[in-house]
Each structure stands twice: as structure tokens, then as C-alpha cells.
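J.: Combine the two chains into a complex, taking the hints into account.
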Amino acid sequence: EAQVTQNPRYLITVTGKKLTVTCSQNMNHEYMSWYRQDPGLGLRQIYYSMNVEVTDKGDVPEGYKVSRKEKRNFPLILESPSPNQTSLYFCASSPVLLGEQYFGPGTRLTVT
Amino acid sequence: GENVEQHPSTLSVQEGDSAVIKCTYSDSASNYFPWYKQELGKGPQLIIDIRSNVGEKKDQRIAVTLNKTAKHFSLHITETQPEDSAVYFCAASWGNEKLTFGTGTRLTIIP
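Chains A and B are the protein sequences, given in the same order. For the first sequence, the working numbering assigns the number 112 to the last residue and increments by one with no breaks. For the second sequence, the working numbering assigns the number 111 to the last residue and increments by one with no breaks.
Okay, chain B solo, but in the shape it has when bound (with noise of 0.2 Å):
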């Protein structure tokens, strides 16, 4: 089955600096690759999505860039704000129905 492995576990920016998460997955199949944020006390909310026919996508201050390639993904937010403080999460699809989960990222911005 489809492996994700999520780096790193803790992250810790200054406001106003920018963050990378970086997943790597084992099934050359995937073909979605979503990122979900999770605040304290809550579920986990989708951010942003790619697919494999595309390199990278861009929401205002979010990007997530893949290398098919590579197996890698990342996740890039910009000019970091105290309210991206969360625990992130990627995942990676290869078209059945299981999504398969990283482990998680635990980012805390600095003011």
C-alpha cells in the first residue's frame, strides 16, 4: 500500500518568514495530493490540493510544488502569520478510495 512520510514532525518560523513541509510518497500511481490543516480542538480543514498533471498551484500565501519524479511534494506558506500556527498534514492518492495520511507537522510561529 501507499507510504507517506511527512518532515519535518515540529517547525518553528519568525512571523513573517516562510515555512516548508516536505512529504515524499511510495506508490509512483498517486495522483492526488492534498494538505489539510488542523487547529487545536478541531478537524482537519483541506488547504490546498494538486494533482499529478500539474507541478505546482498557489492560494495567496500557500503553494504546494510535486516532483513526480522525485516522489516529493511540499508545502510552502509565505509571509507566516501567528494564525498558521497548526499542525499540518499531506496525503497522497493513487485513485482508489483510501487517502493515506502523513504523520503530521507541528508548526509554531514565532511573533
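Bound conformation, chain A alone (with noise of 0.2 Å):
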């Protein structure tokens, strides 16, 4: 089955424990991004990557680092969490630029 997992699904930490949350597509999909969602935010890109090893920053990078040293995997990284890096993150994958997003099912964290 073609499908984008995330993992944890759940996860509570507090503030300054490194964490990472893994991304993972079997689409064969060279263009994969990070959101986080937040009430009244709507979705807002974190990172994305155009391909292995080529990453840039989206609209929120701050306190969030990415890789992409294969293909199908994406983690995202949070070095040192802090409380208003609370929210629902998703991870998505797309076979073009412009394209369809194929979204994971979400990560919600909670940093305390």
C-alpha cells in the first residue's frame, strides 16, 4: 500500500530533550516536507527536501533541523524542544514539485 508513515504518533517530552520524529514513504517520491498545524494557523511548511541531501528551510525552520540521506526517509529534528513547539506535525511526499501531496497520519507533541 502506498502510504507516508510518521512515528511517534504520540509524544510527550519536555523542554530541552532532543527528539526526533521519522518520516518514511515507499512512493519512490523525491520531494518530501515537513508541517506543523496549529488551531487558527492552518499548516505551515517547517523544511522541505527536492531530493537526497538537498534540504531548505520553509516558513517556520527555527528550532527544527531536517536530513534527507535516502530517499524514502525524512526525520525531523527538534535539539532542543521548547513549550511552543507544541503541535501536530505531518510529514508529506509528493512525486513533483507541484503535485499532489501525499500526507502522513500526524505526530502530535507535546514539549512541556
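Rather than coming from a laboratory, the hints here were simulated on the basis of the structure. Please note that the accuracy of each hint is not assured.
Stated by the list, open to error - Pairwise CB distance ranges, derived in the manner of DEER restraints: (1) A/LYS71 - B/GLN45: 19 to 27 Å; (2) B/THR10 - A/PRO8: 28 to 36 Å; (3) B/ARG61 - A/LYS17: 41 to 49 Å.
Think of the CB as a built atom: it goes at the ideal place given N, C-alpha and C, for glycine as much as any other residue.
T.: Now the structure itself:
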């Protein structure tokens, strides 16, 4: 089944404790992206990747890192999480720049 | 950068009636306008998209219209059904790697 998977689905952590949210797609898509969803703010892009070893900042990259060592994986790293990073995070992939994005099921992160 | 405004934030319609959601964008160079539907507990899913060389596109009960001069585009859902209840997001992009989303509309279909 073609899909985007994210892990974990739920995470509660404390300020400053490094964490990684994994994202994997099995559709051989070149383009991958991370979004955060907050009430009243919609979906905001954090980082995106055009291909392996090619990443760039989205609209809200502060406090986040990403890597793209393999085509299928695009982990999101929070080196020192803070409470303002409490949010619902979505990973997405697409075969072309301006085409359908396939979203993962989301990761709900709470930072206390 | 691109800015996308979406209205209304909430919308309730009687089952069988039509629903319209409107978005405006700021960058006149934008050329791709998708609409996504997000059901409770799930990630958004594309339901329809339109490119700037087209004024209208239909897919069964769903249609999108684009007015490039006024820089706005709208989602039209006819003969609404309970399963249409969800959050809907519009988005716009001008060919770079970024897709800018609106703030979402929570649509409730009243049986």
C-alpha cells in the first residue's frame, strides 16, 4: 500500500530533551516536506527536500533540523524542544513539485 | 512571500445544500491552487486542484473556480452529504518549492 508513515504518533516530552520524528514513504517520491498545524494558523511548512541531500527552509524553520540521506526517509529533529513547539506535525511527499502531496497520519507533540 | 487568506473559518450547511469556501492569494505569479480535505485524526488529502491556465474545474460534486484578476479561488461543494463534514484547506504556489496553505474551514453538514 502506498503510504507515508510517521513515528511516533504521539509524544510527550520535556523542554530541552532532543527528539526525532521519523517519516518514511514507499512511493519513490523525490519531494518531501514537514508541516506543523496549529489552531487558527493552518498548515505551515517547516522544511522541505527536493531530493537526497537537498533540503531547504520553509516558513517556520527555527528550532528544527532535517536530513535526507535516503530518498524514502526524511526525519525531523528537535535538538532542544521548547513549549512553543507543541503542535501537530505532518510529513508529506509528492512525485513532482506542484502536484498532489501525500500526507502522513500526523504526530502530536507536547513539550512541557 | 505568498499569503493565503481563507474564509469562512467555520461553515454549517443543511444536508443537500451547497457550500462555498473562498481564498485569496497575494502573489500574482501563483499558478497552482490545490484544495485539501482533512478528516478528524487524519492527514489532509487532495480533493481537487487547478492551475492558472484554467478558470474552472469540476469533479462530480466538487468544483473549483479561479479568478486570476481578482486573485481569488473558491471551492464549491454541491448536494452536500454528512461525509463532507471535515476541515478544508486551500493552498497556493507559484512554482517554487513552497506551498502556502490557508488557515482552514471547518465544514459541518447538518442532517
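J.: Give me the numbers of the hints this structure contradicts, sorted from smallest to largest.
T.: Nothing - there is no hint that the structure violates, so all of them hold.
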